[in-house]
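Enquirer: Residues per chain, in single letters:
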Amino acid sequence: GENVEQHPSTLSVQEGDSAVIKCTYSDSASNYFPWYKQELGKRPQLIIDIRSNVGEKKDQRIAVTLNKTAKHFSLHITETQPEDSAVYFCAASTSGTYKYIFGTGTRLKVLA
Amino acid sequence: DSGVTQTPKHLITATGQRVTLRCSPRSGDLSVYWYQQSLDQGLQFLIQYYNGEERAKGNILERFSAQQFPDLHSELNLSSLELGDSALYFCASSAQGYSYNEQFFGPGTRLTVL
Chain A
29 GENVEQHPST LSVQEGDSAV IKCTYSDSAS NYFPWYKQEL GKRPQLIIDI RSNVGEKKDQ
89 RIAVTLNKTA KHFSLHITET QPEDSAVYFC AASTSGTYKY IFGTGTRLKV LA
Chain B
486 DSGVTQTPKH LITATGQRVT LRCSPRSGDL SVYWYQQSLD QGLQFLIQYY NGEERAKGNI
546 LERFSAQQFP DLHSELNLSS LELGDSALYF CASSAQGYSY NEQFFGPGTR LTVL
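Protein chains in written order, with the numbering used here: chain A, 29 to 140; chain B, 486 to 599.
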C-alpha cells in the first residue's frame, strides 16, 4: 500500500547550522509533495511544496529537492533559528486519489 | 488563523460513549478532510468529503463515521469509544479537494477517553 517513511524522527542542530529531513515514498505515481510545520500545540501549516515536474524549489531559507528515480524528497533548512523548532511532516499525494499520505514527522530542535 | 474552525476544543468522555466533532471549512472551500493525531504520532488520514460527498477514505474505523452537510460544515462521529481513541482530531479544508490543493488545518479537537 501507499507509505511515506520519514527520517530522522528527531534532529537537534545548533542555531545557524543547516537541517535536512528526508522522506521516501512508495507509490511511483505520486506527483505532489508538501511539507507541513507544526509548532507545539498548534495546527500544521504548509511551508513549501513541490510537484513531480520540478527537481528543486527554494523559498528563502527553505528548499525542497525531489529525486523521482529514487522516490525520495528532502527538506533543507539553512541558517536555522530557534523559531524553526517544530515538528515537520512530509506528505505525498497522487492525482486522482485526493488524499495525502503523511510521514511520521521529525521533531527539530534548534539550540541557541 | 487558517479560517477553519473546530468545536469543541477539548472533549473528555468515558469508554463506550459517542461524541460528535464539528468542523467549518474556510469560506469558499468545498473539501473537508479529517485526520487523527495520537501522542507522538503522525497525521493519520481518516476521510475526505467534497461538496457533500465522500471522496476518499483512509484508515477510518467502522465505529467512526462522518458527513458533510449542504452548508459544507462537517461532523465526525466517534462511537463505542475506547481508550486508544484518545487523540487530537484535525479537520482541514481545501478549495477543490485536488491532491495539489493546499490543505488548511483547523486548531483541532483534543479527545480524552477515560
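Bear in mind the hints are in silico, worked out from the structure with no lab data behind them. We put the beta carbon where it would ideally sit given N, CA and C, even for glycine. Treat the hints with care, since some could be wrong.
[What the hints assert, rightly or not] Computed, partial: chain A to chain B, Cβ under 8 Å:
{"id": "1", "residue": "Tyr60"}
{"id": "2", "residue": "Arg79"}
{"id": "3", "residue": "Phe117"}
{"id": "4", "residue": "Ser123"}
{"id": "5", "residue": "Lys127"}
{"id": "6", "residue": "Phe130"}
[To be verified] Between beta-carbon pairs, the in silico distance windows are:
{"id": "7", "chain 1": "A", "residue 1": "Gln42", "chain 2": "B", "residue 2": "Ser512", "range": "17 to 23 Å"}
{"id": "8", "chain 1": "A", "residue 1": "Arg79", "chain 2": "B", "residue 2": "Thr492", "range": "18 to 24 Å"}
{"id": "9", "chain 1": "B", "residue 1": "Thr498", "chain 2": "A", "residue 2": "Leu139", "range": "36 to 42 Å"}
{"id": "10", "chain 1": "B", "residue 1": "Asn562", "chain 2": "A", "residue 2": "Ser123", "range": "44 to 50 Å"}
{"id": "11", "chain 1": "B", "residue 1": "Glu539", "chain 2": "A", "residue 2": "Gln42", "range": "28 to 34 Å"}
Enquirer: Decide, hint by hint, whether the structure agrees.
Expert: Outcome of the hint check:
no. : hint                            : in the structure
1   : Tyr60                           : holds, 4 Å
2   : Arg79                           : holds, 7 Å
3   : Phe117                          : holds, 6 Å
4   : Ser123                          : holds, 6 Å
5   : Lys127                          : holds, 4 Å
6   : Phe130                          : holds, 4 Å
7   : Gln42/A - Ser512/B: 17 to 23 Å  : violated, 43 Å
8   : Arg79/A - Thr492/B: 18 to 24 Å  : violated, 35 Å
9   : Thr498/B - Leu139/A: 36 to 42 Å : holds, 40 Å
10  : Asn562/B - Ser123/A: 44 to 50 Å : violated, 30 Å
11  : Glu539/B - Gln42/A: 28 to 34 Å  : violated, 47 Å
Going down the numbered hints, you'll see the structure goes against 7, 8, 10 and 11, while the others check out.
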